[in-house]
Each structure stands twice: as C-alpha cells, then as structure tokens.
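*Asks:* Quick mapping for you: the protein sequence lines, in order, are chains A and B.
For the first sequence, our numbering gives the first residue as 1, with consecutive numbering after it.
For the second sequence, our numbering gives the first residue as 1001, with consecutive numbering after it.
Treat the hints as calculated values from the structure; they're not laboratory data.
Cβ atoms here follow ideal geometry from the backbone N, Cα and C, with glycine treated the same way.
Do not rely on the hints blindly, as some may be mistaken.
[As the list claims (entries may be wrong)] In silico contact screen, one side only, chain A against chain B (beta carbon under 8 Å); selected entries: (1) Glu51; (2) Glu357; (3) Asp359; (4) Thr360; (5) Ala368.
Chain by chain, the residues:
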Amino acid sequence: MSDVQTFLDRLAERTEARRQAHGPEPTWIAARRQAGAARFEALGFPDRRVEAWKYTDVRAIARGDFALTDSADFSQACAAALTLPIDAHRLTFVDGVFAAALSDLGELPAGVAVMPLSQALADNHEAVGGTLGRLTGVEFSPFSALNTAFMEEGAVVRLAPGSVVEKPIFLQFLSRANAQPVMSHPRVLIEAGARSQATLIEHHIGETEAANFTNLVDEVLLDRGAIFTHYKLQEAPLKDLHVASIHVEQGRDSRYTSFNLNLGGSLVRNDLVVDLNGKGAEANFNGLFYAQGRQHVDNHTLANHNAPLTFSNENYKGILDDRARGVFNGKVIVKRDSQKIEAHQSNANLLLSDRAEIDTKPELEIYADDVKCSHGATTGQLDEEAVFALRTRGIDEQTARGLLTLAFAGEVMERVELEAVAERVELVVAGKLPERFNLSGLVEAAMSLHDD
Amino acid sequence: MASQEMEQLVRREYKEGFVTDIESDTIPPGLDEGTIAFISQRKGEPEWMLEWRLKAYHQWLKMTPPSWAHLDYPAIDYQAISYFSAPKRPEDRPQSLDEVDPKLLETYEKLGIPLHERAALAGVAVDAVFDSVSVTTTFKEKLGEAGVIFCSISEAIRDYPELIKQYLGTVVPVADNYFAALNSAVFTDGSFVFVPEGVTCPMELSTYFRINAANTGQFERTLIICENRAQVSYLEGCTAPQRDENQLHAAVVELVALEDAYIKYSTVQNWYPGDEDGKGGIYNFVTKRGDCRGDRSRISWTQVETGSAITWKYPSCVLRGKDSIGEFYSVAVTNGRQQADTGTKMIHIGEGTRSYIVSKGISAGRSNQSYRGLVKIGPRAKGARNFTQCDSLLIGDQCGAHTFPYQEIGNSTATVEHEATTSKIGEDQLFYCQSRGISEEDAVSMIVNGFCKDVFQELPMEFAVEAEALLNVTLEGAVG
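Isolated chain B (complex conformation) (with noise of 0.2 Å):
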C-alpha cells in the first residue's frame, strides 16, 4: 500500500514536471514529498533514488528527536527550514571584503589565512578568487590515473549507480536515527571516494579541492570505498571559520573498508559558534560511521572541533573483520555557549579487533562539553582490545565537562581499559611558564596545545598546524 502510494507520487511529481525557473532556485521553507522530489529533480537523480529517499521520509515521520544528549537547545521547527538553495548570486553576496564583518576578518589574519583565500572564504562575490580550477583539473588528472574516483555524491549517483546502490545506506541505514533519516531524505551535496584495489591515493583528498565545493550543504553526504588494500586519507573542512546561513547541518559520512584498506578521515570543524549569548550559532548533528568489512582493515577518525553553538557526533567504528582496527582522536573545544555532546562507538565483532580513543575535550567560558563513548564488545571478539584515554581541561568556574563512557563487555578475552581525568590548567606549571617570562596567554596556549599533542599528531602536517592556531583563537578570552 505505501509502496504504490509512493509510486503514484514519484508519477504525480514527475508529470507536473517541476520545472523551475532558474531564477528562483530556492525553494520555499517546508518538507514534504514534493520538496524531496524537488530536490532529486534538480540533482537529475534517477527514479530509484528517488524512492530511497522518499523511503527515508516516510521512517523519518515516524522517528522523535534524540533528547538522551547532554545538549540544551530549543525544539527546531522543520517546517521553518528551506531544504534546497542554490549558490547565491553575485549581486547578492558582499561586494568587497570591506562590506564582511571585520571581526571575522580578524580571525582570518590570525589564522594566517592567505589573503585570497579570505574573500572567498567570506563568501565575497570574486570571479576567480584564486585559480581553483587549474589546481582542480591537475588532481583530477594524477587522480584518474590511478584509478581513483573523487565527485560529489550527486554525481556519483548519475555516473556510478552500480557502487551506490551497493553501498550506500549500508553503513549508515537510512532508520539509524533521527538526524540520519533526514539526511537521506534530503541530502543535497557530498563528496564520493572510490579507491580501487590495491591503490594508494596518491594525494590527500579534501572537500577544499573538489569542484561544487564551494558551499558546504546543509545536508551532506559522504561516502568513502576502499577496495582489498587501498588505502586514502581524507580532509573534511576547514580551519577558517565560515559563515552559513543554514543553521541546521545533518550530514552523514559513510566508509567502508574492505580487506586491509586503510582509510583515513580527518575533520576540522569551525563552524560559528553564535554570540556571546549563544544566539545564531550552528547546530550540527552529524552521523559519521565507518564499517570495517575486511579482515585487517583500519579506520581513523581525527576530529578537531572547535565550531557549532550544538555539536552532536559520534564518528564510529564497526569492527567486522578479523583482526581490524578502529581509532578515535578528538579535540574538541568549547567557549562561550557552545554545547557539545561528542565521542565515538567501536563495536567489536570480529576476532582480534583492536581500538585506541583519545578524546581530549577543553571547555571554557558557560560552555558544557560531554564525551559519550561507547565500547562494545561481542562474544565472538576473542582477544578484542581497546584503550580509551579521556581527558577534559577547564577553564573557568563556569563551564562543565561531562563523561559518559559506555562499555558492553561480552568475551572473557577481551582487554578493554578506560582512564579519564577532568582537572583544570595547573597553578605551579602556569607559574613555572611564567617565570621564566612567558605571559601567561602564551602559556596557557602552550598547555592547552600540549595536552591535545596526541591528536595533532595524527592530524596530517598542514592541518597541524592550522589546528593549533585555531585552537588559541578558539581560546581567546578564556584565560586572565
């Protein structure tokens, strides 16, 4: 019964044309089929994607929001929030860096952003802020050599049905939660990895590079295949903090690792954070999941956040094959009002699976920050492993830090430890900076950049060192 009424919609939609005027690209606030329809028909998807997403619409009506987060936000209205927009037009974007807010301006010269990269970042209408496309079609061209393939995920689904069918929705159903069903329902932009068997991507991959990236979606979809020993590193975002007008993002990130493929997945999250008051800021509820299918096979996840007023994400491992690894670093720093409820699940399944997490949270100023982990271990994990370090700094009498650790432990042969620690920046080693005349910002930023030290080095290099100067800007304020 819903299958045909689904198919008597798909055909409604499809006769009535939906044709649009390209001017008005944005369609009005609201979600129903026709918005989804909208959305696949401005895509050019073919029609069984368009019942996949419809699919995910109809379990999504069905799902109630997640209220277990440590997170204190008002109820979103998702009827108030336009589901598809087009790249705004030139005339309407700021016509010189003069009209963008100084403040963020500010930001960028102490990031040590490249003054080029500025306009584009802050969204100023330049034809060509800095020749993008030639970079692009030099990594296309060593890309497609070696076999890789590297889209948006719109079209992948036009080019590569066959690997998107068999692969998307696989890691992440499209019922796993709330924010994950909505995205499959409405996912307008994402990026779509295929390395081949036996390939190593010869370069880092980045949403930066990729052509149509030049406005992240609200609703992005990721999805990463890594063939029997391939291997690719991953860079998602950015360190400059952007502006967004969409203040819902919900995205999903799919991996699958096959027999001893690596895959790599790094994230610089620095979305705004809203105001003093915590007003206007991001809300990012992110469904981030790699499946480990093949024996000897390893995911990483590396996440530095220091953006969103909300950030609700738990990049998980499932722990398939034998003898397959899982690992987890995080930084994550809070300010101001920010609210983040963030960790990771590795759930082990195959025999001799190991997994390694360092979370290192920083929460400053009124900001709540939660670690939510969560280790399972099932009975036919013999020998399984893992080690949860979980270390929170404070700073300032008005902030918390949270642990909520889960640990399902089913197999006597199993290892499974956890330490976690919550104090804040020590007197005697401030003291011990300042003496030897290090003014006190500078030593609380050598401190806090010490304490995250195990994360940053699995950050690739560049990224490293952006993180850290992200980090005392983030910081700024907090101390003194």
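Bound-form chain A, shown alone (with noise of 0.2 Å):
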C-alpha cells in the first residue's frame, strides 16, 4: 500500500464516521474535502528533488500510519505544568479535538469573536466558508491539500473594524501520549477588519513520550490598517512531526509582525507567506530555532511585494547541535512596478557541534528598480574574542560560551513585547544548552531576582 493511500484510506474512514454520527456535511465544504484529497493524491509527498524540499526529507510522515482522535482529555494537572502563565483569551486543542475544559475565552470586547472552527462551521458555515481556504488553497503544498482535506477543527477569530482586544488570544496546542500515533489538521481563520488590532500566540507543546503529527494551516486576511502581531511558540514534544503552513494577506498600511520560536518537534517544517497588497503595509519576521540531537527544523518565508512602498524586515537566528538540522529558506519578491520598497533579510546561525548542519539560501528575485533589498546570511561559531572579554572579567569559559549563546538567541528576543514568551524561551534555550555550558540555574536566579 502507498504512503498516500494510507492517508486517503484514513480520509475514507472518517468521512464515512462522521457521515454516520452527523449526517451528510454541507456540500460547499464536501466539495474542498474532495479537492484537497485530489490534489494531495496527485501530488503525493514531496522528495527531495522538489526544489522547496531539497533538504527535507518527509518520509517519517509519509510512512507513519495516524489514527485520527475524538477525544479531548487531558489532566488538568499536567495542562497546568505545560501551560504558559499569561492572562489571555485561551481556546486548548488535544490533539487537534477542542477542550472545553481547558479553554477559558473570559470576556471579550465588543466586536470581537473567537470560536473553534466546528462551532464557527455549525453555527454559520456560510461566513466561515467565504475566507476558508481563501489564502491557502490546495494549490501549496500537499500538506495544506492534505489539511484541506481533513480539517475539523482550530479557531476562528474575527475582529470588526477598529475593535482592539488588549489581552493576547491564546491557542494552546497539546499533544498527548497515545498508543497509536494520531494525527491532526488544525485550521486557524483570522479576520482582522480595518484599524483593528490583537496579538495571538499559538502554544505547541505535549507529554514528553507524544508522537504525534500536527499539519497546520494557517489563514490571516489584515484589512487597512490593522496591526497584528502573531507568536508561534512550537514546544513540542522531541517525537512529534509538525508541519505548518501560515499564509497572510495585508490591506494597506496594515502591519504584521512574526515570532516564528522553534524548540522542540522531532521533523519540523514552518511556510510563512506573506503577501504585501497595499501600500504601507509592513512585515516583520522574527525566527529563532533551536535544534540538538537529531531535530531538524525547516523554516520557509517568502514576503511578495505586490504593491509599491511595501516593507518587509526579517531576522532568523539558529542554534544547531549534536546532529540536528537546520533549514533556513527566505525569499523576497518585489513584483514589477513595486517601486519604494524595502525589504532587508538576515539569517544568522550558530553551530555548536560537528556534526550539526545548516543550509540557508536567502533569496532575492526583484522586477523594480526603485528598491532598497539586502539580505545578509552567516554561520559560524562563537566569538573567541567575545568569550575571552568575558573571561577576562572573572567568568569561567563555560559559562562565558553559555552567556554568549543566549546573547545570541537574545537578540531575537528582545523584541518579544509579551514577557512570559520571552522567559519561557529564554529559560528553554539555557536549559537546552549542552550540559558542559548549562545556564538554567543562573537564568532562573535572575528571573527571581527581577520578581522581587
């Protein structure tokens, strides 16, 4: 049996189960499903001799046979351990199944709505239906052809024009331990109207021994002027696979801003796509991934000017050791006759250990020429000079190298406005750290120190 009839027998399975619990779905929706089966069908997983997958390899995906779940359960307990503590507007997956139980949205401003997706489907499929599938279509990649295909859940969040939700909305992400691996596709709609503004952050994390395959799509339509600023925060578990991929669209003078943090997953591939379709509008990309053992992280980007004085900015700053993987592919395109752009790429990355590798290719393909694009890509290790100033200051070379590495990570960081992301990594990144330069101690004496 194929890798892909594997998928599309699971796909059969379900259909015909939910077919059975809730009679037949919509057709309009029935009709994505089958398009998205196609299409996934005909294009099956990519190899490496697809240029946007030359150095991921899938296989571990394509080859794994995945249940799908209905089931939401979770200890309160071990969601409160795993959990970031921020006041926030929170919606909890299990395994791609809603948790009413871990979900508390408080209240919202007026104007505002936020839902899972199976209630936004229920309740009015018809609005849902005008934006889903709108930016990602099934044209992509397999996996979105392949989430199209399968999508149940996730959320749905609509601003009215001008509402502004101060509390950030927090989409929490578990995966769980399972006897059998499951799998699942969750699928985020954001509608942000005119002038509005929230920030969202998207929580990835699960019981260590989970395994677990999530192919997400992301879908975020920014009206004029509306500022969104997004966290993805992928903790997951060492053996879980994530896919996912994020595609925007700006109205004019509306600002998007990415934190694309990257700990855990065991094959880890991001798509961030953004497109600049109005005047003013303004993209901010922020990547750190830190890899050890045999992770490997692939992160795409690809910021499409199509309309003149557009600006995108982009730092992505790796941390690679052991035998992990890094991929860090970042692409600017200017259409012809966007004049007055700017757009300014930069990917610097760390290796700690020999046998870790890193492959960046930050791209350029430019049709104005009133433009200001640079990018800029280095790789390399510590500076000894650095590490000898801090020696000189009484510091052990250890503990000089660890200060340095997190200074490196750092300088991503320090743009994080939302300081609970920024400690939870921070205290992940110094913990990670190899044992000969761990710093976790000395981080969460700090962090005390700054409490008091």
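With the hints in hand, could you dock these two chains into one complex?
*Replies:* Right, dumping it as structure tokens:
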C-alpha cells in the first residue's frame, strides 16, 4: 500500500464515520475536501527533488500510520504544568480536538469573536466558507491539500473594524502520548477588520512521550491599518512531527509581526507566506530555532511585495547542536512596478557541534528598480574575542560560552513584548544548552531577582 | 553489451573511412555516432579518445536539459545544429570592412580597438591582417624555454596523450551535467596548458595569441594543469563583440592545481546578445571548474560577462587540498532582453580552506539576471572560511535582479558570511555628480565603474581598461 493511500483510506473512514454520526456535510465543504484529497493524491508527498523540499525528508510522515481521535482528555494538572502563565483569551486543543474544559475565553471586547472552527462551521458556515481556503488553497503544498481534506477543528478569530483586543488570544495545542500516534489538521482563520489590533499566541506543546503529527494551516487576513502580532511558540515533544503553513494577506497600511519560535519537534517545517497587497503595508518576521539531538527544523518564508511602498524585515537565528539540521529559506519577491520597496533579510546561525548542519538560502527576486533590498546570512561559532573578554572579567569559559549563546538568541527575543513568552524561551534555551555550559540555574536566579 | 556495440561502431566507421572531400568541410546538421566519429577522425584522434567521446554521447542521451535556472528560452533542437565546420573559405567572408555591419564597427570604434584588428574580428578575409605568426613564434620560444606546454586541445590529444588521459574529465566528469556531456562528445577546439613543477609561466596566456584560435569553437574544451609550485594566468575571450554563426555554445573548462600551485583564469565574454527583441543571440552554457588538489593551492576565477542572450555559467572550485583557496570575482551586465543565470560553487573539503566571492550584477533594459551560488562546507573542512558579497544594481524599471545563494554548512568551526544588496543608482549620487558639471551619462558610467571596482582590480591591467570601456558600451542607452 502506498504512503498516500494510507492517508486516503483514513480520510474515507473518517468521512464515513462523520456521516453516520452527524449526517451529510454541507456540499461546499465536502467539495473542498474532495479537491484537497484529489490534489494530495496527485502530488503525493514531496521528495527531495522538489526544490522547496530539497533539504527536508518527509518520509517519517509519509510512512507513518496516524489515527484520528475524538477525545480531548488531558489531565488538568499536566496541562497546568505545560501552559504559559499568561492572562489571555484561551482556547485549548488536544491532538486537534477542542478541549472545552481547558479553555477559557473570558470576556471579549465588543465586535470580537473567537471560537473553535467546529462551532463556527455549525453556527454559520457560509460566513466561514468565504474565508476558509481563500489564502491557502490546495495548490500550495501537498500538506495544505491534506489539511483541506481533513480539517475539522481549529480556531476562528474575527475582529470588527476598529476593535482592539488588549489581552492576547491564546491558542494552545497539546500533544498527548497515545498508544498509536495520531494526526491532527488544525485550521486557524483570522480576519482582522480595518484598524483593528490583536495579539495571537499559538503554543504547541505536549507530553514528553508523544509522537504525533500536526499539520497546521493558518490564514490571516488583515484589512486596512490592522495591526496583528502573531507568536508561534513551538515546543512540541521531541518525537512530534510538525508541519505548518501560514498565509497572510495584508491590506493598506497594515502591520503583521511574526515571532516564529521553534524549540521542539523531531521534524519541523514552517512555511510563512505574506502577500503585501496594499501601499504602506509592513511585515516583520522574527524567528528563532534551537535544535539538538537529531531534530530537523526547516523554516521557509516568502514575502511578496505586490504593491508599491511596502516593507518587509526578516531576522532569523538558528542554534544547532549534536546532529541537528537546520534549514532556512527566506525569499523576497518584488513585483514589476512595485516601486519604493524596502526589504531586508538576515539569517545568522550558530553551530555548536561538528555534526550539526545548516542549509541556508536567502533569496531575492526583484523586478522593480526603485528598491532597497538586502540580505545577509552568516554561519559560524562564538566570537573567541568575546569569550576572552568575558573571561578577563572572571567568568569561567563554560559560563562565558553559555552566556554568549544565550545572548545570540537574545537578539531575537528582545523584540518579544510578551514577557511570559520571552521568559519561557530563555529558560528553555538556557536549559537546552549542552551540560558543559548549562545556565538554567543562572537564568532562574536572575528571574527570581527580577521578580522581587 | 554496450561496449561491444561501441567497438563495432568504431570499427565500422573507420572501415568506411569517413574520407571527406577537402572542399566540403561542414557536415550536415544532426548528431549521432557518425558525427562524433567524423569529428574524431577529422581531428586525427587516437581510438581511446573516440571511445571517450562516444561514452559521453551515450551518457548525454540519457540526460535531460536542466530546467532549474531562472531562464526562459525555447527548447533547443540538438539535431538542427551542425557540429563541425571548418573555417569559412575566403570567398564566403565579407571582402572588406564596407560589407560589415556598421553598428559593429561603431562599437569597435568606441572600444578603441586598433584598426588592423577590427577586420580580423569582423571576420574579413584578409590574409595577414596583422603579423600574428611572428608574435606567436616569439611567445612559443619563450614558453618552450620555461617548459610550459600551450597548444590546442587537439594537438595535446595527439602529442601528450598521457597527460590528457590522466587529467581530462577528472574535474568535470563526463556525466556532470547535460551540457558537459554534450561538450565531451563533440568538442572541437580549446586550449591545453601544462605548467611543470616549480615554473611560473613567464607571460599571461591568452587564446588570442594561440595559433588556430581565429575561430572560437562552438564547443570549446580547455584543460589547464599546474604542477607543484607552478603558476599561470590565463585570459579567455576578448572585449570586442564577435559575430558568430553558432547559436549554441557549450564550453567546458577544467583546472587542476597541485600543491602550492596558483591558477588565475580571467574571462571577458562579449558575444552577440541578439537584437532588441532578443532574437538571434548566443546561448552560452558553460561548465567551468577548478580542482585545488594540492595543499595550499589557489584558483581564482575572474569574469566580465556582458554578451550572450543566455548565460548559464557557474565557475566553481573544489577545495580539496589543505589550506587551499578559491576565489570568484564576477561582473555581469545584462541589457536589452538578455538573461543571465550565473554564480559559483565553492566546495570546501579540506581543512583550513578559504573562499572569497564577489559578484556584481547590473541589469538594465528588459533583462533578467540571477546570482546562483553554493557554498558547501564538508564535515572535514575544519576552520573553513567563506565570505560572499553579492550586489545588484538595477537600471530601469523593466529589469529583474535575483539572488539564490545556497549555503550548506556541516562544520561548527567554519565561518560563512553572505551579504547581498539590491538597489538602483542613488538619485543623490547622480545629483552630486551632475552638480559638479558631469553629464548624466558620464555620472552613471562613473558610478557603475565604481560599483564594479572590486572585480576590475582582479583583471590584468589591459583587460581592466578594456572592461571599463566595454561596460559603458553595453549600458549605452540604458539611462536617460
């Protein structure tokens, strides 16, 4: 049986089970599922001859047999230990299934709607139907096609024009240790009206022994002047497989800021595609990945400057240890007649081990002349002079190296405005540093000092 | 089985003799074993060479043309090309400069090419345009004294079969890529340079001064070998635009540097770019690669690419030897509807290897240009170092400039840096020059030349002067 067939069989089973439980689905969604399945069947899983997957081997996903689950059971204590201590409008999903017990939306400002996708589909599927799949069609990748075929759950966020959400909207995706690995295909839809403002946190985490496959698709529509900050904190268990496609469309004067923080997962692939469609639109991509063991983290970003006077700024940093492999592919496309563009891109990587590997490719494709574009990529080790400078101040070598590594990640983290996120990442990075320069004790001490 | 067939074929072709009439030196278009046997026989090659070519041909049949480059051109009909043609007979050529395209002559004027050379470049049938024979003889004597071998690849196959057998195809294997395989099967011309141990070649070598170099071949094959502690600087091409009947060019250049050897390879390419609509220009698909086999060896590529409708070219260095150095300096200028996809590959294998890449791209008109580079650091390349600087300048709002740098780094002690910028000529820079009474066109040319300075510095002096003039001619009409 082919790899693709395993997934198609699962889909058939699922569709049949759903039909028996809830009756037939509305035709528009059934049609989309079919299109997704057909596209996925035609494409199959990408192999490494496909340029976009040149450095990432997805056989671990293709050869897996993942079940689908309906249960959202998760121990309260365990969830509490994993979660971010943050005051937020919270939705929790366990293996892709909505967990009402672990969710608390609190009081949302007027004109703001946050709900699970299943509920949105049940209440008013026509309205969701308009945006669902508008940005991420089935053409984008086999994984987005697969998501379209399977999608059932996720989150829908709608911001009325001018509405401001003070507290962050927090989507928590928990991965459970199951007897048989499961897969989930969450879909997150965000529609931000004109001049609206919100911050969204997506947190992927789970039980240590979990080994599930998450195939996420986010669609973010920003109308004129909307300001949207998007944190994706990926701390998935070390055996989890994680694929995410995030598509953003920006109207005039809108601002999108992404923090793509990757610390977990065995095989991780993020695609972030932003279309800057209106004058004055601005996109900021911040990224950090820390991989060790045999982790594989692949980040692809694409900024399409489709309108004049648009700006993009990218800063990704990677730290790789042991036999980990990192991939970075940042691409900027400036369309013909998109004049007065500024696009800057930078990727810096730190290799801590001789067996770690980084494959980086910052690309520019420019068809207009009045532009200021730059990109830079560096890979290396810690600056010996900086190590020396610290040692002259009486800090031992191991600690000096640890501090400098932490400082390297800090350049991305210092732009993080949510303290809970910044603290979590710093602690995890400090804790992940090789034992010889483990700093978690030091960081905790510093933080408790800070708290007092 | 395959080799048996090949042997039979070799015999058959030889049995039939393939004797050609001296008058009909051009074979009809098409490519099959017969064509290759014909070329080989005409070149008076030994049997092993024919076998080598046929092997390449069979390999080529199994391959497909690459499609990954950022280029757009119609599929090439390889059966419509004539793979061997002897130099044109005098009566077919223009009889005097009056018959030559005036535009071409105008360009020669601007480049400041001496009058007597213009006729030769335009292909006018003049018996002795200038006294090339005596010049060449003096050079040959000097080289002979030093022990340097410099001759056409065909002569080398006849006279130095051992060296050819030892080195040909070891840097660019027959099956390396589609165009390299094609070249291996049908190459007809090219240079061979061998610099023995400890010798510094007493002069800069150039195809320009080589006997038989009057017609640059469509499928050139160049092989340069520097033994331990030897040094050579080689110049390829010429700044003057050359008319050429052949649309497809697929050259292969192989460089081998042994311990402490240094090879400097400079290219100026200014083939016909086609008319305003991009029709009729040269397709230039080149495979150039240097192998730093010995410790502390060094290979340096410098290129100024202004011609051709399509350029597909990635001069590369394989840094095998400990502490070996690879360098790549490139200026590529595209105008009109030209397309260029060019760059370099630096493969770091040995310890302490270093590479340095400076690429300057200028796109104007409706042209498209891409820098495509690979820096690969292998796990054993301890302390490897790379620096890449790659800048693009855009002139006009209809052109495109693209950058596709690949970095594959597998060693924690390596340091790899890549920097790239894309911008247009600053309004303030232009204004500054113009406020001091410099015309807009001169100002642009000054700024562009300044932009390319890092690369021009690497060219031999005379070449650098010519390259600057060439840049101005190529960009003519792009501004204002």
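*Asks:* Each hint: holds or not?
*Replies:* Against the structure, the hints come out as follows:
1. A hinted interface residue such as Glu51 of chain A counts as satisfied when its beta carbon comes closer than 8 Å to some beta carbon of chain B; here the least separation is about 7 Å, so the hint holds.
2. Hint status for Glu357 of chain A: holds, given a least beta-carbon distance of 4 Å to chain B, under 8 Å.
3. Against a cut-off of 8 Å between C-beta atoms, the interface hint on Asp359 of chain A holds, since the closest Cβ of chain B lies about 5 Å away.
4. Checking Thr360 of chain A against chain B: minimum C-beta separation of about 5 Å stays under 8 Å; hint holds.
5. Checking Ala368 of chain A against chain B: minimum C-beta separation of about 6 Å stays under 8 Å; hint holds.
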